[in-house]
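Mind docking chains B and C on chain A? Use the hints.
Listed here are the chains, written in short residue letters.
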Amino acid sequence: MIPYLLRRSGASVLVLFGITLLTFVVFFALSPDPAVTICGKTCTPDRIETIRGVLGLDQPFLTQYGHFLQGLFVGRRYGVGENAVQCAAPCLGFSFQTNQPVLQMIAARLPQTVTVAVGAAVLWLLVGVSGGLLGAIKRGTVWDKGAMLTALGGISLPNYFLALLLQYVLVVRLQVLPFPDSSIGLTQDPVGWFESYLMPWIVLAFGYASLYLRLTRDTVLDTLSENYVRTGRAKGLPRGLLLRRYALRPSMAPVVTLFGMDFAGLLAGALIAETVFGINGVGKLAADSIATNDQPVIMAVTLLAALLVVVGNMVVDVVYTLLDPRVRISQ
Amino acid sequence: MATPGVLIVETQGATDRTPLAAAPRRGVLRALLRRPAAALSLGCILVLVLMAVFAPVLSSLGGWSPYAFDPKAIDADLGGVPLGPLGGAGARHWFGVEPQSGRDIFARIVTGARVSITIAVLATALTTAIGVLMGMVAGYLGGVADQVISRLMDFLMAFPALIFMIALLSALPAGQRQYLLVVVLTFFGWPYTARIVRGQTLALKARDFVEAARSSGASDGAVVLREILPNLRGTILVLSTMSVPGFIGTEAGLSFLGIGVVPPTPSWGQMIAASVSWYTVDPWYFVIPGLFLFVTVLSFTVLGDHLKSVLDPGGNPS
Amino acid sequence: MASRRSVRLTLTGLALLCSSALTLTACGGSGSSSTGTGTGSVSSSLSGTPVKGGTVEVLADANFSHLDPALGFDGGVNNFYRLIYRTLVTSSPGTKGATYEPDLATDLGTPSDDAKVWKFTLKDGITFQDGTPITSADVRFGVERTFDPALSAGSPYARTYLAGTKGYTGPFNGGKHLSSIETPDAKTIIFHLNQSVADFAAVTAQNTFVPLPAGKGGTTTYDKKPVASGPYQVDSYQPGSTLTLVRNPHFDPATDTVRKAYPDKFEWRFGIDDSTANERALADQGEDKNQAGVVVQPSSIARLSQPGVTGRTFQAPTTCTTYLGLNTTKGPLKKLAVRQAVSYAVDKKQVQTATGGSKKATIVSTMLPPTLAGHKDFDLYPSPDSSGDPAKAKQLLSEAGYPNGFTMTLDIRNLPAMQAQAEALQQSLLKAGITVKLNVIDSATYYEVIGTTSQQHDAAITGWCPDWPSGRSFLPPLFDGRTITSKGNSNLAQIDDPAINAAVDKVNATPSVEAANAGYGDLDELILKQAPVVPLNVENTVQVFGSNVTGVQSTPAFSGFPDLVLVGLKKVE
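Residue numbers (my numbering), protein chains in the order written: chain A, 1 to 331; chain B, 1 to 318; chain C, 1 to 573.
Pulled out of the complex, with its shape left as it was, chain A reads as follows (with noise of 0.2 angstroms):
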């Protein structure tokens, strides 16, 4: 087990590395020049050449990338002399056009994502799996028929859609909820938070629910079928230890493996509920900042996306192992 980790460690570690390159070499080839942005609208030739000094613009592309590895790692120094601004290991990068260390920036806004992924999770984890087993369990009934409708219609309608008709129903026309607001703290008022987060929750949610209805449906339906547990049958073993232990656990390995890389691909995912329903997120930040152009934040966000995925792609194929042990003696 271990060998195997430190192996998938090693390799995570350079997919990583690829994408601050990557990112780094878009950004750099195709943004137009930061220092204008950064510059403001009373923008003089030789502004730009001092912000482009302060900012490291006129250096080499590849002393550049080396200035935000260091930063990552040891932290370094925007500028020179009494103005210069230090920015501390983890160095993201730091915002002219706010002022702030993107860090800083981020690490603001990460509750408001947190809460939002994992309420969504937690709710479409319950709703899909059970909906897929019950589905599975009850074959051909109406609660099948009904589950799999919904989860066809849930995968199928966008849903930026889903979210203005709930917004438009819930909000304005019954009035049955307020309007979203994200600065509600969770001890600060139970109730309010709720009432936020319920339908950046549900829009979240819908579509994922019904992937992993249908996926958990299959799935259960498969290894049932399969001989181990046509034999376990015959054999007299009771419905629910047969489901359970034989049947639940095996099927769990995919739905495990796609809820892995789904989590942590909500970054990019909560962009739009985010967006819709004014969360003050990451998702909206990185939004916001590629409207205004605020590369170091763009370049800083696309990095902890890129690295949730891969952290969530190493704890999945662990947890996978564990799972399944047709999977562990393979290793």
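Please keep in mind that the hints were generated in silico from the structure rather than gathered at the bench. Remember, predicted model here, so these are calculated numbers, not experimental data. Careful: at least some of the hints might be erroneous.
[What the hints assert, rightly or not] Here are the simulated DSS-like cross-link-like pairs (lysine-lysine), alpha carbons at most 30 angstroms apart as the crow flies: (1) B/Lys72 with C/Lys437; (2) B/Lys72 with C/Lys392; (3) B/Lys72 with C/Lys431.
The following block gives chains B and C in isolation, referenced to the frame of chain A:
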């Protein structure tokens, strides 16, 4: 799109299962038509494709180009609201008009269909081609080739595709946006296909007939092309059918965020985005493209489901 | 009482007027702060006198660009600054905003005979939020720090007018003082200018003249933790989320004739997208009853007549003009006849509808907005119902040698409203045989592209708001050929006509205000005879306020948007 921004690919259950049977084509079609849901989906898709292909003809039938403004159909003093109930639908404009511009929605829907379907089909074709190739090479050859390709797939799949796409597309100039979208979608989309094909190839490689072909002296290329590829037909068919709705959804999502096709070219996602502020006053502008998008994605998904069960009789009926 | 004597701005100074380069939404601020001039309709329930106390809520889409007064320079943030910052002189509140009143100074300054040396005396009893008295050294520090490259994105006027500033890079990194700012004692400050500026008092209303604690803090300190001199101070700031202002305990109302400071608190909520803000404003639930104005989208106009909404609608014309700039150095547009053809072909009615209809925009045929002093009414390129005259356009085009029309590329910003305007233009020009290709540019980089002479294309749609209500800050920056720069250019048409340049000099030097105003009106007509631009419309700001808000007055100081310093609640629970 259900998963916001991320390309959906339905996982096939366990990837190490027996590949879907390469049933004869006529049999597949007949089997599908026997199921009412599948037949309906096929019908919808056919209508959609016809709509896309004959878009210019259809819009001239309706009497309006998708770009022409009709100031008489809207009330300029009330912010540009369409005149008349149902968002201005009637004999003059079959599906009503867009607020403020007065553009004919029917013409824009059919032209938008053309745009969305073209992009999705192109992206699917490219993704499938590249994905199948890479998957087969990685699965069959194994060793270094497999390592390299698998790491490449990991790398691309780890990328936060949506954020990267948004940043990339907004940084690039707006010319040739449709081709750019296809390229970007393909770039991030092929690993999903490749991964599944690789799994299937691995399973097939261990089968007897492949062994037989190899020991009879056939080259690697011949084995791949003649033994493995034909047996992947079912998988490829299902994968591509299931990819199309994902790409349609992603393109609509990107257009919704404002970085898809460039106006005035219509796109369903863009129409939904524009309709957001109007849905309380003119809900039809919101409902119509949304409905079309929904039905399209639904049809492809249902078709894909049924294809899967037709091609894999040992599996589970939907 | 300040009279608007002619302000002698140098040409380079005019070229640096930047708030004007922003779009109308930026000029007026995002849905919150804005006041309009004179006419327009303000529901009577919004014109009452507020009570003291309560919290006013402001819904905004984007963050404030900056909290540091040296950096913020758009209408929305300027309006907000007045709540926490004071300057030597400031605009009179509300509808009287075209005139000036002393703020931190005792009067509007004492000029020397040649108006090159200005002396101001500070009032007694003025303090920062921690109780420290504000001295002349603090005012000087505020001005000097704007010379540091990191802090010079804001208003440029201090840099433009102060003498002996060449090579000066601010009080940090060495700490030298500007010799042109004298502080003989704690209450006196003297400015030495490099030219006669008769209206320098108006210049000191700019936010570069906000005092900050001398010698304290670096270039990034005050962007995060502002030090207030006004009636409110920043209590908490979560970028992207909320900003709370509470009363500044050390503010002495007796020293301020402008700011009423009715509410106890202001609460900004950021990140609310326009559609949601519109819904909330119309729904008027909970704390939204106290919200200080959301700009109405075209889609909401039809709902303004609903009961419960009519009574809290604010509509005022702005002094910002949206226009189509034609690059006179490119292709067929080099010819006057071609530009005139474009002027005839444009369907302004359609563009008006794309902007939101007759309530949201007024069609104009002049560059100076109708509510700006000096506006002269004329229409050099009339067409029936302002819907364009394609026949006349075609005739002019064939005379100019383009009987089959031509193709041009239009730069347009990636915002729905502007794209709609561009599409409307595209359609109307097509009728005259002119094919328009749209080049959609990302919002963040739009101004950079159109302001760079090597990157701009044939035409662009943009807007212009005056830095202060005068034709002087409107026409010369856009049309004086000597203001053209390779980067950050405002003269999009790149027109360099000796007759126009001479006329600009003449009217700028006119000593009397009335004559100068008339002169700007004539200049407007002279310029449009060359058709370097096509004026499209002047937007109205239409806003819906919470049902519990009043004291809403339009102010010319912020291009027609409501003045935040007058706003308050009707009653406090």
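Going down the list of hints, with the structure as the test:
1. Taking the CA atoms of B/Lys72 and C/Lys437, the gap is near 25 angstroms; set against the 30 angstroms cutoff, the hint holds.
2. About 23 angstroms separates the Cα atoms of B/Lys72 and C/Lys392, which keeps this hinted pair within 30 angstroms; it holds.
3. For the hint pairing B/Lys72 with C/Lys431, the CA-to-CA distance comes to about 17 angstroms; that is within 30 angstroms, so the pair holds.
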